[in-house]
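Novice: Listed below, chain by chain, are the residues.
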Amino acid sequence: MTNKKTNYKQMKTIKLLAITVVLLFSGVNMMNSQTTGLQVMQKVYDLPSGKDTQAELTMTLINKQGEKRVRQLKQYIADEGSVEKKIMYFTAPADVKGTSFMNWSYSSAKDDDQWIYLPALKRTKRISSGSKGDYFMGSDFTYDDLGERHPDEDTHKLLREETVDGKPCFVVESTPKAKGHMYSKTITWVLKDTYIGLKREFYDPNAKLLKTLTIKNFKKISGVWVILDTEMKNVQKNHSTTISLANVKINQGVPASKFTERSMTMGQ
Amino acid sequence: MRQPYYFIIIGVLFSVMLTAQENKPVFSGFVRNYTGILTKDMDQFSILQNTFNINVEYRGQKTGFKVNPYVYQYFDKNIDFGLREAYMDFYSDKLDLRVGKQQIIWGKAEGVFITDVISPKDLSEFLLRDFEEIRTGVTSVKLNYHSGNHTIEGVWVPAFTPTLMPETGSIWAPKLSFPINPTWDYSTANKNLTVANSEAFLRYSLMSSAFDLELVGGTFLYDDPAMHLTKQIDPVTRQLTSLTVRPDYHRTNMAGGSFSVPVGDLVIRGEGAFYDGRYFQTVSPTAADATIEKNFVHYMAGLDYTLGGVKLSTQFIQERVLDYEVSMNNDEVETTMTFLAKKDFFRERLWLELFAYVGLNNEDALIRPKVSYSVADGVDLQLGANLFTGNTGRFGQYDDNDMLFMKLKYSF
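Protein sequence lines correspond, in order, to chains A and B. When the letters of the first sequence are read in order and numbered with this note's numbering, they come out as residues 1 to 268. When the letters of the second sequence are read in order and numbered with this note's numbering, they come out as residues 1001 to 1412.
Chain A extracted, bound-state conformation (with noise of 0.2 Å):
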């Protein structure tokens, strides 16, 4: 069965672009002594990322000997104001290929809508939101890594300033408010300037640490920063996963009519 690669149920907060594609930096100040943990995670939740984008996405897996498995898939996303509308098209490997996914993301506390699409079954089903600690299609980014964590569920702590490969940095260690949750903790080196997170460390709930995420690469487009490679390993099962974009526009605009029921079944 095709959806079986897809892990469809828990696609909650897939929000590929939140890590993908983030932050623009437009004339932030420096913060002074008295920047706060939850000032410098405010400055990166806030930056706008556009009003629509559109990427190619490659999904590499890669497991401790090496071996690589490969997703690619188109993503197309807009912001409606109260919603964000995204919708995936999933085209290697062949096993799912033409296999879609839609969410609908409400700036309120209402659950994100989600619906599959596949080829095999020729229908499109309503799926739920599932549990965001669970891994998107096998790989080491989990539904909330992926996700635009709002500040509000975490306490930060500005741990101290430092510079990485030669840039200066904030380093803030967030800890999870909610009880249960699947990381004790995160630490986040912020570039001062443009306020992109350039790597995080995430602990697990024995407070070690679990996986690194590191951005190798990002740029300007139409304004907008956009990271275009970024790699998340598991330092404990010594696996990781590689995300990278190719051909972004950013803010070309995507019609309505791309977020539907049609633009699922036809694949475009």
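In short, the hints are calculated from the structure, not lab data. All C-beta atoms in this analysis are idealised placements derived from N, C-alpha and C, irrespective of residue type, glycine included. Nothing false has been slipped in among the hints.
Partial pick of chain A residues on the chain B-facing surface, computed with a CB cut under 10 Å: (1) GLY98; (2) MET102; (3) GLN114; (4) ASP134; (5) GLY138.
Mind docking chain B on chain A? Use the hints.
Specialist: Relative to the frame of chain A, chain B by itself:
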């Protein structure tokens, strides 16, 4: 090859592909080996099948087409070559027109056919074929009008296609009980290609944040035959001397709908249909040919849920005969449940799945455990079993057909 004219169709379409300007045609499909053995006699294959399935699709800005030829090769019968789909598309801003042989799937139920009545079923292997193979394409004209997330769909099927039943002698042939060996009369089974025998369907569908909805209706020939019996009784001995069975397909009208709605982490699904007249078997002496026409309802309620990484789904299904008479052969209400549990391991490389139909009337079941392993991207190995329990009923009648199987599939 049974139907060589398909090659002509494919040749024409390939010619169109070569002249296509806007996009290139896309090829996809799979090659598969499917081997099964019966557990009651581990020396006997239940199936040994090789399949080649290819999709050729072209989609331009305003037009497109798809051709899906397939080949099933068996060890014990003739090669089966056919076209699952072969259609052309024409698009505009609000309208989509699809003409040709196509699979049309309606409803929210899974593994059960309630409002999903347009594409006939291929039951040559009972319900064991993969979902994309259990529905046959039907030659039809489909017109869709779209307005946002509202869609109105009209379908006209000029030629009737019945359910494809297992061949005589197949282990999947349904058990029919007659007091004596009958004579079969197929004079009414083949429907003429006339407008009067054509079928028409209409659907309204909505995809919204709160819920998804379908409202459907149709007038069509029911895909499963009614068995009309003619008995000859010796006037002296009062013994049955001959029995003629005449399968026939009768027109029925159907209205129904389906919905799915998210409630927290649950998705609740429902589907129902009312059939204005279906034929059932009866032993009533007032029924001249042992059939009786009754209205009929078929409905389902289902839940989808994920617990601890395990995808769970269950459905409660009932078929109810209205104005029931005790002389009828089938039960007034037949209840079936389905259960699905599915979980992945090793970063979606290994999947464990358990699916079951459970018939509550006859306490029978079809239990389908399966392990799937992704050998490489696009290459899957499946090991599984189809286990039938009970002695009678929809599933229990195949109690001798418990099987273990292996499928190796290469998708491209």
